[in-house]
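Engineer: Next come the chains, spelled out residue by residue.
There are 2 protein chains.
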Amino acid sequence: MRTDLCERLGTEFPLFAFSHCRDVVAAVTNAGGFGVLGAVAYSPERLDAELSWIDEQVGGRPYGVDVLVPGRLDASALDRRAHLLDHVPDRHRDFVTHLMSKYGVRAPARPLTPVADEFGRRMTATGASGLIDVALKHPIGLIASALGPPPPEMVSAARQAGVTVAALAGTVEHARRQVTAGVDLIVAQGTEAGGHTGEISTMVLVPQVVDAVAPVPVLAAGGIASGRQMAAAMALGAQGVWCGSVWLTTEEAETAPAVKRKLLAASSLDTVRSTSRTGKPARQLKSAWTEEWDSGQESPGALGMPLQMLVAEGAMARIGAAAERGEPGALELVNYYVGQVVGQLDQVKPARQVVYDIISEYADAVERLARLSE
Amino acid sequence: MRTDLCERLGTEFPLFAFSHCRDVVAAVTNAGGFGVLGAVAYSPERLDAELSWIDEQVGGRPYGVDVLVPGRLDASALDRRAHLLDHVPDRHRDFVTHLMSKYGVRAPARPLTPVADEFGRRMTATGASGLIDVALKHPIGLIASALGPPPPEMVSAARQAGVTVAALAGTVEHARRQVTAGVDLIVAQGTEAGGHTGEISTMVLVPQVVDAVAPVPVLAAGGIASGRQMAAAMALGAQGVWCGSVWLTTEEAETAPAVKRKLLAASSLDTVRSTSRTGKPARQLKSAWTEEWDSGQESPGALGMPLQMLVAEGAMARIGAAAERGEPGALELVNYYVGQVVGQLDQVKPARQVVYDIISEYADAVERLARLSE
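Line order of the protein sequences matches chains A and B. Once you know that position 55 of the first sequence is 349 in the working numbering, the rest is easy, because the numbers rise by one and skip nothing. Once you know that position 284 of the second sequence is 578 in the working numbering, the rest is easy, because the numbers rise by one and skip nothing.
A hint or two may mislead.
Identical copies go unnamed one by one, so any copy, or any two together, can satisfy a pair.
SDA-like, lysine to any residue: derived pairs with alpha carbons at most 20 Å apart [what the hints assert, rightly or not]:
hint, residue 1, residue 2
1, K580, E493
2, K580, E467
3, K580, S593
4, K643, L558
5, K580, V466
6, K554, V352
7, K431, R316
8, K580, G353
9, K574, S589
10, K580, G492
None of these hints come from the bench; they were simulated from the model.
Excised from the complex, chain A in its bound form (with noise of 0.2 Å):
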């Protein structure tokens, strides 16, 4: 199967694997697909590391890299880490001391610190385009920007690279914008989806952002984990399917083994738009930490972006390492970013083996379909 994007990126099937994984990134584009490495999480010196292995095991086939940089990259971030800790009101880290102990959690003595560093240091131009330089020296086929439309500077530098740059849509409008900005692949993401999202739906979004951006190529995320999911993506007009929950339950994947339990065994309807872990709707399983945020008698509401990140993140780190010690409370608490397809998904394979799987159902399925107009 070669579509346009194919020829483009030198990859035999248009299906993107986004995963913070570099064992499913290496497995997915060994098995002819395109694996695309999310470096929120690393350092410039680990994410140097980790492209370096990749490089190794993919002898050349392509990859992509996938960021979260602020639309303006801003060196003062660092020091507006105090100035972020105090916008944070006492009910809020009231309320994450009460549900850790309600949860029977061992609450941190300081909580808040080591994350808001984190998160200065991410929002700074080491922290961002520091990770954009890193990956643009490795042979990398593209860059994706996962939060609004990537700065001038990320789409110049990887222009001179000869990097693709993509980027994430959840309306037409932010399709535009995103073209606008000099963005070659729009990723067209519906409500379905896992991480953050908005509310049009992948069979509505799709088409509408074909129309408006051609002849710029469109990838549809969000609903899709499937050959049949992925045939009726390109029936709608995108060049090639984004998944990301699909690889969570891979044998490769970096899933916290409690974590991924509860996604074998969760339904399609276990999934919740809940600002409780960012500030923004971002899909994931639903827990006693959506509910108690979104609906407990005592939450006094999420915060804002970027404040509800220092809030959730460090209470969820001690939450899962608790899970995985098997503490009950912290089980019922535990939750991670996935789509409506958290349903589909009930055993754990070789990520090879579910590009082999989504390959061979796609066929069938456009076979059925042209059977079905002779």
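We have chain A; now place chain B onto it with these hints.
Structural biologist: Relative to chain A, chain B alone:
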């Protein structure tokens, strides 16, 4: 194009058109699709007249009827009118009065009684099974239940008449329950659909329902108003599609002019799943009505079904009439049930033309998919 379902129902193209307008039903059937008349608003006598008119128009081509029946036909419901009215709290009556005054719509002196009468009629054996009896006396090919599993009386009467029974489902569990109740054809409806709808998107829901109820055939609903979207639905494993919103802006549609103008101007972000009209989440155009009920400071919150229907429908009838007179407050309040595809609806076309456009774009999409795999 022929699916097994086309053979069974004698239709050329598995495009099902749900509409409250007999003209749309006849036009779609005559264009090679399958019109389905929503009968909930009709008395048995009126339904008989509408179906006789359709019979004359379609010359033996296949069409169907959609009824809203309670799971059990209850002859005592008419007597419950007074009882129901007693359960509407004063603050809900007062809030409607307040809204009508705030937006300058003349409030009726006794707003609830006629609505309660109408509601009681629909819920009785003479109301619901009266409609079914009338429908089955006409040469219909399909009878659909829009709300929960159809009662056994409906299933057995339809079977005796050789009429296929369809029913809507928003989850895999609903679909299984429908099949257990004797339903022959499942309409798997995604969250992007207009009217009462669940949380799971069409892209995610349809393959799950197809696998769960096989070999029972499945229609896809929600997010489908073009040939590409129909091709996507068929790729997901559906045997056909069930469309509602796309007919609301056709020439023939009964849609009130002021509402039609709002639909044509709306984007896919302008709908909301709101309990403010029926007490259950139903997707509709965002308007001052939904905003005031869902997040207005003075809102008492929607009641459950059917009480919220009693509260809302009398008011909405008056609001609609005032909107047609061009009253600005009423134009802010007025809305209608519609899916996210409303963002694609930007011109008024004959229903026949909509069918032809969908068929033509469908063929192009399938051909494009086949070419990509060559």
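Engineer: Up to 20 Å between alpha-carbons, please classify K580 paired with S593: within, between, both or neither.
Structural biologist: within (16 Å within a copy, 27 Å between copies)
Engineer: Measure nothing new, just compare the shortest in-copy and cross-copy C-alpha distances for K580 and G353 to 20 Å and report within, between, both or neither.
Structural biologist: Neither: 40 Å inside a chain and 53 Å across chains, both beyond 20 Å.
Engineer: Since the copies are identical, ignore which copy is meant and state whether K431 and R316 lie within 20 Å (CA to CA) inside a copy, between copies, both or neither.
Structural biologist: Answer is within; shortest intra-copy Cα gap is 17 Å, inter-copy 65 Å.
Engineer: Have a look at K580 and G492 and pick one of within, between, both or neither, based on CA distance no larger than 20 Å.
Structural biologist: Classified as both; 17 Å inside a copy, 16 Å across copies.
Engineer: Is it within a copy, between copies, both, or neither that the alpha carbon of K643 lies no farther than 20 Å from that of L558?
Structural biologist: within (12 Å within a copy, 47 Å between copies)
Engineer: For K554 and V352, with the copy left unspecified, which applies at a CA distance of at most 20 Å: within, between, both, or neither?
Structural biologist: Neither: 26 Å inside a chain and 55 Å across chains, both beyond 20 Å.
Engineer: For K580 vs V466, is the C-alpha pair at or below 20 Å within one copy, between two copies, both, or neither?
Structural biologist: Between. Shortest inter-copy distance 19 Å satisfies the 20 Å Cα cut-off; intra-copy 28 Å does not.
Engineer: Could you place K580 and E467 in one of the four classes (within, between, both, neither) given a Cα distance threshold of 20 Å?
Structural biologist: Answer is between: at 19 Å across copies they meet the 20 Å cutoff, but 29 Å inside does not.
Engineer: Please work out whether the CA atoms of K580 and E493 approach to 20 Å or closer within one copy, between two copies, in both situations, or in neither?
Structural biologist: both (18 Å within a copy, 13 Å between copies)
Engineer: Please work out whether the CA atoms of K574 and S589 approach to 20 Å or closer within one copy, between two copies, in both situations, or in neither?
Structural biologist: both (16 Å within a copy, 18 Å between copies)
Taken one by one, the earlier hints fail for this structure at numbers 6, 8, listed in ascending order.
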